[in-house]
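Using the hints provided, position chain B relative to the given structure of chain A.
In order, the protein sequences belong to chains A and B. My numbering applies: residue 305 is where the first sequence begins, and numbers increase by one. My numbering applies: residue 817 is where the second sequence begins, and numbers increase by one.
There could be a bad hint or two in this list.
Cβ-to-Cβ under 8 Å is the rule here; a few derived chain B residues that face chain A [stated by the list, open to error]:
#: 1; residue: Q923
#: 2; residue: N1046
#: 3; residue: A1052
What the hints contain is simulated information worked out from the structure, not anything from laboratory work. Where is the CB? At the ideal position from N, CA and C, for every residue including glycine.
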Amino acid sequence: MTAGAAPAVTLRGIVKQFPGVVANDHIDFEALQGEIHALLGENGAGKSTLSNIMTGLYRPDQGEIYVHGVPVAFHAPRDALAAGIGMVHQHFRLAASFTVAENFALGTHESRGVRLELGGIERRVSELAQRYRMPVNPRARIWQLSVGERQRVEILKALYRGARILILDEPTSLLTPQEADNLFATLRLMSAEGRTVIFISHKLEEVMAVSDRVTILRRGRSLGTVLTAATTPRELARLMVGRDVVFSLKPEGHTVGETVLLELRELYAESDLGTVALHGVNLQLHAGEILGIAGVAGNGQRELAEVITGMRPRVAGSVAVAGIPLRGADPRQAIDLGLAHVPEDRLGTGVAPSLTIADNLILKDYRRPPITTAGLIRYDRVRVRAGDLIERFDIKAVSPQTPTRLLSGGNVQKVLLARELSGSPRVLVAASPTRGLDVAATESVRSLLLQAAARGVGVLLISEDLDEILTLADRIAVLYEGRVMGVVDRAQADVEELGLMMAGSAR
Amino acid sequence: MTWRRLFRPAAVALAAQPILSIVCGFAVAGLAVLASGADPVQAFSALFQGAFTNPRAFTETMIATLPYIFLGLAVALGFKAGLFNIGAEGQFYLGAVFGVFIGYSVQGLPGIVHVPLALLAGMLGGFLWAAIPGIIKARTGAHEVIITIMLNYVAFQLTDFLINNRGPLADKTSSAPRTPFIQHAAQLPILIPGTRLHAGLFVALVAIPVVWFLLSRTTVGFQIRTVGLNPSAARAAGISVGWTLVITMGISGALAGLAGADEVLGVSHFMPPSFSTGYGFDSIAVALLAKSNPWAILPAAFLFGAMRNGATFMQLQTQVSADLISIVQATVIIFIAAPAIIRWIFRLRHTPAAPVQLAKTDGGATI
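Chain A on its own, in the form it takes in the complex (with noise of 0.2 Å):
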């Protein structure tokens, strides 16, 4: 970062409001020319707002922009990229059938006549992936690519289209720690040529390694904006909460028994595109332990959740519950042994949004006494049991009966939490139980999954993010391109060696 730089974008006094909410209640924030500007904040802080203000995604309701110190009124996100602003949104936005180049081609307007001039745009691809060091085939497709290598093709393309100021929401979320490590370092490099980075995360780790300086959102609000040289991991995390963090929760209250309660054999399954997404994975699972399954997303662990839970078919090998094996693609015979499951997808698959929180609490349960009685569902005993678990599993909701929708993604997720553990379950499988969730929600998230191994349960614990897994899990098993690349105790754990294995590198 340059000392004295100007400002590249500065925005006065932003407000958005929506019914119900104030999204952005007065900001100011300003990043300068050449830094790397962090955008910290919890899921509901307001980020995504402001970053779509910047890229004229939406207009706001009171408040200034200026580019360079020229005052901007942006009417949709074209204009954004006119004043060099270009945006990498954390879901892609390409068109996986077309090569690279084809998808630098839309949206712009190069070509000459009804002749796509796609040889020229190859070349400059070319050159910017050389000088930026994010090597990428112009010629491939989309869906041929890695996704660390699409995030480059992104950020690429908005370096293209001549953006000067670039935003990145939540970039590593899908990497492995070697792919972060190389998109910081073609931080750097843009940063310093003069351009300006900014970065949206909740992760605080990134935010030290990478960023110059650090602004803190918190209920739509600016805290306020800090050198990140002179912060500590602990500041942010007390602003961006609003109180202390307690980071390391004690995974010392539960002791792994001798019982096994899950255990995979040989087991392979396919792939919604029918590619090989199991290739022979064999674990054991037991009382009282959470075992960590680590991998970049798209290695397997969706499939491996659907195999054991019954939702999908599996091609070969077995999948026992204390013993008893199971039919396969029979989710209910899995329920009825006592296998719970937090899917990945919690409001496609983990509760039916539009039913009442009461109804989703009693989803598997609706069947069984003394919930049912002869075919009629007892709502009387419904209700007491809906008000029991909101209680117990401290959800916050207006009342039971209200549409599950309507809840933030944490009391969606204790809605879920609540129902597959208050069934006593031998078994828990959790498929990235905290994506998406605010710090504290994720806190509590973390200490269920532990009470549930303190009380004897098995837990499964599927997750993308290594740090909750180095967090919660007993042991951890790196799962790569569908087979189990290892499996370490967490005491053993070294986290250079863990993001090898994720990599696809064996030990």
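The following block gives chain B in isolation, referenced to the frame of chain A:
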């Protein structure tokens, strides 16, 4: 549901949109009457006379309402499971065939046994006919809209075969193509002498709370609602989605079949080859207007019954075509389907869900 609950502000707000849609539907139809050179006030007052104030008009409106109640419930039940049962018309035919067959062929039963037996037969006919698309959808994933539409034509032709040209169910002594008359004991008794209003009214008024109870208080209803809102979550919870679809289609068909049996046992007392004239199709509109709420089916069905009954008199009186009511029905459904138009016309306040949550709606995988 208590009356107090019915008149909560939230319930009133919920009803406002369908009611305003009806108002707009009549307004658009009025413009059509104007455009055709007639007087909309005259036309609508003739419609009203034909539906309510002429001699016996009210009981005839009630008679026209009954099939709409059963069929509206049938379609609404399908909607609850996310199924679009376009086949109510065909299931109505099959219910009538089963009902009329038991009605004329079984002899010597007292009415108290014969009538329920024939009604149950009608339900069975509709159940079986609707279970076919249910099974095909559950097994192969084929879309129920296509299958139920096609099965309508099969039902029409099947009925035609059974009744026309000395078919197995045709009355050999009659020159007109029709089934024999049902036994006197199988007739639904007339409620008010001198009118055609029959005891099917009670069956319809019982069907509404029964369907409500089924949906909101039983395990089957819970499964139906869960599958309708999120089949993926239903499957994860151990609900057999395929079985639920088959059962839902079956029950929906049984209600449609009940409508058919009720019609032959209560009104016509025999079955001609074609006798429904679109009750089943109109009922999709009834269910939409009622937003699939079993209680709301009653007023929605009554509205459609009144329009159907009043239309003939209106045409006689004012030369405005009875098809005018189709315009009303169609525009009402458009306004129901596009609530933004109604909100705009009447400046209703719109309170959307918090935008922060707009990423996901129910859905998950469809099956």
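Verification of the supplied hints:
| no. | hint | in the structure |
| --- | --- | --- |
| 1 | Q923 | 36 Å, violated |
| 2 | N1046 | 4 Å, holds |
| 3 | A1052 | 5 Å, holds |
Consistency with the previously given hints fails for number 1 only.
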